Amino acid sequence: MKNAIIKATSSDDIAGLQALLDVTELFPSEMLPDMLAPSLEGETEAFWLTCHSGGEAVGLCYTVPEDLADGTWNMLALAVRPDLQGKRLGTALVKAAEQHLKDKGQRILIVDTSGTDDFALTRKFYAENGYDEEARIRDFWADGDDKVIFRKAL
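Every letter in the sequence shown is one number past the one before it in the working numbering, and letter 116, counting from 1, is 116.
FYI, nobody ran anything at the bench for these hints, they're computed from the structure.
Model, not experiment: these values are computed from the prediction.
Fair warning: there could be bad hints in the mix.
In the DSBU-like style, the derived pairs of lysine-lysine whose C-alpha atoms are separated by at most 30 Å in a straight line are [unchecked claim]:
1. K124 with K102
2. K124 with K147
3. K87 with K7
4. K152 with K124
5. K152 with K7
6. K7 with K102
7. K102 with K87
I would like the entire structure built from these sequences, with the hints used as guidance.
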């Protein structure tokens with residue numbers, strides 16, 4: 001999408017991102033202010049990115065460093081408003097996160113997702129964006145719901 005702008009998340013984005021979370025149900029939107037606070041206050045290396053389109057917050061990406069690992073990061077959240085999915089906004093958010101990490105000399109970005117049929121498009125998305133399925137932990141999330149770990153060298 002040509003008019004999309006990706007930038008570091010600010011406190012001005014909270015209401016729009018809460019609306020995004022309400023429609024995507026990624027996690028409860030009331031958790032967002034507390035989750036964002038350490039990043040907004042500069043208390044953590046973890047970072048949030050917001051995708052804006054038409055003046056609205058329409059996507060988010062949240063990435064954290066892995067404890068006790070050298071240059072390894074985990075993308076914990078990625079969401080795009082459902083009516084805008086398939087327009088490469090998720091890809092733009094992932095690329096922006098990867099570039100941010102490359103600029104800091106980081107080595108690896110991992111992503112965890114579900115192995116259920118409901119997440120088949122999510123797994124396809126990561127594969128299409130250069131991520132390799134690195135591991136699968138059977139029945140991790142629940143019986144019959146594997147944790148699938150994707151990895152990309154930066």
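Quick rundown of the hints versus the structure:
1. K124 with K102: This hinted pair holds, its Cα atoms lying about 23 Å apart.
2. K124 with K147: With Cα atoms ~15 Å apart, K124 and K147 stay inside 30 Å; holds.
3. K87 with K7: Judged against 30 Å, a Cα distance of about 18 Å means the pair holds.
4. K152 with K124: 14 Å, holds
5. K152 with K7: Holds, because 22 Å separates the two Cα atoms, which is no more than 30 Å.
6. K7 with K102: 16 Å, holds
7. K102 with K87: Since the Cα atoms of K102 and K87 sit roughly 24 Å apart, the hinted pair holds (cutoff 30 Å).
Going through the hint list in order, the structure satisfies each hint without exception.
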